[in-house]
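Number of protein chains: 4
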Amino acid sequence: MESKKHPGLQFPIQIRFDDIDSYGHVNNVTFLTYLQDARVQLIHRSLGAAAGEGAAEEDTFYDLVGKGNFALVGRHEIEYLEPLSFRPVPVYVNIWVTHMGGSSFEFGYSVAEQDGAKVYAQATSGMVLVSKETGKPIRLTDAQRHALQEWSGDPVNFRRRPKSS
Amino acid sequence: MESKKHPGLQFPIQIRFDDIDSYGHVNNVTFLTYLQDARVQLIHRSLGAAAGEGAAEEDTFYDLVGKGNFALVGRHEIEYLEPLSFRPVPVYVNIWVTHMGGSSFEFGYSVAEQDGAKVYAQATSGMVLVSKETGKPIRLTDAQRHALQEWSGDPVNFRRRPKSS
Amino acid sequence: MESKKHPGLQFPIQIRFDDIDSYGHVNNVTFLTYLQDARVQLIHRSLGAAAGEGAAEEDTFYDLVGKGNFALVGRHEIEYLEPLSFRPVPVYVNIWVTHMGGSSFEFGYSVAEQDGAKVYAQATSGMVLVSKETGKPIRLTDAQRHALQEWSGDPVNFRRRPKSS
Amino acid sequence: MESKKHPGLQFPIQIRFDDIDSYGHVNNVTFLTYLQDARVQLIHRSLGAAAGEGAAEEDTFYDLVGKGNFALVGRHEIEYLEPLSFRPVPVYVNIWVTHMGGSSFEFGYSVAEQDGAKVYAQATSGMVLVSKETGKPIRLTDAQRHALQEWSGDPVNFRRRPKSS
Chain C
14 MESKKHPGLQ
24 FPIQIRFDDI
34 DSYGHVNNVT
44 FLTYLQDARV
54 QLIHRSLGAA
64 AGEGAAEEDT
74 FYDLVGKGNF
84 ALVGRHEIEY
94 LEPLSFRPVP
104 VYVNIWVTHM
114 GGSSFEFGYS
124 VAEQDGAKVY
134 AQATSGMVLV
144 SKETGKPIRL
154 TDAQRHALQE
164 WSGDPVNFRR
174 RPKSS
Chain L
14 MESKKHPGLQ
24 FPIQIRFDDI
34 DSYGHVNNVT
44 FLTYLQDARV
54 QLIHRSLGAA
64 AGEGAAEEDT
74 FYDLVGKGNF
84 ALVGRHEIEY
94 LEPLSFRPVP
104 VYVNIWVTHM
114 GGSSFEFGYS
124 VAEQDGAKVY
134 AQATSGMVLV
144 SKETGKPIRL
154 TDAQRHALQE
164 WSGDPVNFRR
174 RPKSS
Chain P
14 MESKKHPGLQ
24 FPIQIRFDDI
34 DSYGHVNNVT
44 FLTYLQDARV
54 QLIHRSLGAA
64 AGEGAAEEDT
74 FYDLVGKGNF
84 ALVGRHEIEY
94 LEPLSFRPVP
104 VYVNIWVTHM
114 GGSSFEFGYS
124 VAEQDGAKVY
134 AQATSGMVLV
144 SKETGKPIRL
154 TDAQRHALQE
164 WSGDPVNFRR
174 RPKSS
Chain R
14 MESKKHPGLQ
24 FPIQIRFDDI
34 DSYGHVNNVT
44 FLTYLQDARV
54 QLIHRSLGAA
64 AGEGAAEEDT
74 FYDLVGKGNF
84 ALVGRHEIEY
94 LEPLSFRPVP
104 VYVNIWVTHM
114 GGSSFEFGYS
124 VAEQDGAKVY
134 AQATSGMVLV
144 SKETGKPIRL
154 TDAQRHALQE
164 WSGDPVNFRR
174 RPKSS
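Protein chains in written order, with my numbering: chain C, 14 to 178; chain L, 14 to 178; chain P, 14 to 178; chain R, 14 to 178.
Be a bit skeptical, because a hint or two may be false.
Identical copies go unnamed one by one, so any copy, or any two together, can satisfy a pair.
[As the list claims (entries may be wrong)] PhoX-like cross-link-like pairs, simulated, lysine-lysine; straight-line CA separation at most 25 Å:
{"no.": "1", "residue 1": "Lys-131", "residue 2": "Lys-149"}
{"no.": "2", "residue 1": "Lys-18", "residue 2": "Lys-149"}
{"no.": "3", "residue 1": "Lys-149", "residue 2": "Lys-80"}
{"no.": "4", "residue 1": "Lys-80", "residue 2": "Lys-145"}
{"no.": "5", "residue 1": "Lys-145", "residue 2": "Lys-18"}
Since the hints were made in silico from the structure, they are not lab data.
Construct all of the structure, not just a fragment, from the sequences and the given hints.
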């Protein structure tokens with residue numbers, strides 16, 4: 014996979030009062046809600062330049078997956094770097110693709126200021142393409158691989174991974 | 014760390030209608046809420062047999078941390094093994110300690126049936142003991158280490174960790 | 014409708030850390046989640062003694078509604094009487110039926126200690142039975158009316174309703 | 014109170030995937046989260062033209078309340094008019110003041126399209142100004158009354174209020 018820092022897919026997330034826990038910051042679990050919304054927004058917007066052979070620019074990745082299949086979350090890994098406080102202006106989630114397998118792929122994310130001046134968290138999500146009928150993994154199509162390749166970027170450089178595990 | 018499968022700390026979690034997403038299962042993010050509640054319940058209950066020198070049996074781990082410090086979530090890692098549906102009876106979170114460092118420790122979890130017959134997810138959380146005043150990590154005390162040791166168990170054997178990262 | 018204080022339908026609700034807002038109490042919105050869970054539990058449990066002609070004791074109200082219809086929330090009214098703090102033991106929702114119309118009915122609730130010694134909130138929800146196909150209200154059946162009648166109790170005596178509205 | 018339809022205070026709310034319940038629409042409870050965020054945004058933004066004697070334009074209503082007091086939610090009333098689906102563009106909450114008492118006031122809201130073409134829900138919230146120290150209601154100051162008066166509009170015309178209650 015050709016390495017790029019990340020391909021510039023960035024989604025604003027509006028912080029809610031309800032995101033703040035009794036310690037006065039965005040709760041650690043809520044960050045995964047932010048990742049989920051970036052993922053949903055990416056998957057449901059027009060592919061544009063990421064449309065390869067067999068896909069139209071107005072198609073979404075969701076269209077490419079098709080009604081018979083779905084992209085399942087297999088795992089998450091997240092580390093917290095700075096506390097995030099309530100504020101009226103949005104925080105931003107950068108999302109990109111860090112890995113592609115036969116029927117799986119991985120999203121990388123950072124939750125950050127728009128200009129990257131501060132990074133609050135970074136994360137990955139392992140995704141598996143699954144058939145609704147059989148519940149079994151199915152292979153990524155060429156059009157899917159093309160889009161994921163267009164969105165590909167560097168692996169997430171986790172700093173807090175335990176040596177022991 | 015002496016190895017035990019896990020030391021039998023298990024908390025029931027009541028599933029809420031709101032936990033179910035538009036795919037009809039407990040949303041993947043919600044599992045981290047379940048882990049959080051197991052953690053909060055463990056930290057706020059009496060130490061009992063886990064009370065070492067300098068701690069009373071009726072003390073909680075929260076008492077041992079003290080008002081000037083707090084245990085911060087540094088990271089989470091979670092993998093999803095089976096979909097979990099809404100039901101009136103609780104699901105169970107098993108929680109134990111998988112690692113201890115100078116000022117950090119790690120919780121391991123499984124979200125499962127009470128008898129372990131089915132495991133829906135397994136996870137770890139890296140925790141850091143931090144001073145509220147300085148924001149800096151502080152060393153675990155002997156009484157804290159004693160309790161964490163009592164709660165210690167096997168590392169989580171993640172199956173879906175990507176080889177690439 | 015024969016008046017009874019309320020017919021003894023009570024459901025425990027486990028308080029979550031996430032329910033607590035930055036003011037340190039269960040957030041006012043979260044109370045409606047508690048009501049929702051009491052409602053879901055009532056609707057999905059066996060009718061037992063509330064089963065009338067055309068219904069079996071093991072049927073649920075959800076069964077009586079049937080797959081082609083659903084019970085829609087039309088409105089809520091809630092008032093807050095006491096702040097509720099985090100605690101490991103559950104709070105209780107009492108739920109009963111306060112009103113029946115042609116195709117609508119109303120639930121009354123209190124969020125309280127199990128013995129009623131303290132009431133944190135009281136509320137009503139207007140429900141409408143609707144056809145999934147047409148989206149239009151449909152008439153309550155005799156079996157549905159029988160169950161709702163069995164669950165009927167006193168109207169909620171709101172104390173904070175504004176005179177102006 | 015001088016009547017105006019409503020004084021044009023409108024806040025966009027980003028819909029989250031997590032807001033959607035297993036019926037495929039924004040869950041009825043989630044609407045109250047939207048109201049809460051409109052309220053928080055209104056209370057924390059500069060008063061501007063709503064600043065009266067004893068308040069600066071850059072002050073917020075939160076500043077006027079002061080650190081020793083807070084505005085408590087006493088009640089909510091909400092009715093649902095149309096189902097709201099997930100979408101990438103925001104929905105809007107209009108918020109205004111429908112009533113002022115000695116130490117209390119009421120917000121009115123609609124959850125709607127920006128141009129009002131479709132209204133999904135309408136609601137009111139009864140608020141009480143309370144002293145943190147005594148927990149008792151305290152009288153609204155002139156500067157607070159001035160701001161609330163500037164934000165005042167028509168009462169909410171509830172259509173689904175039960176005649177019985």
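| Can you give the numbers of the hints that this structure goes against, from lowest to highest? | Of the numbered hints, 2, 5 do not hold.
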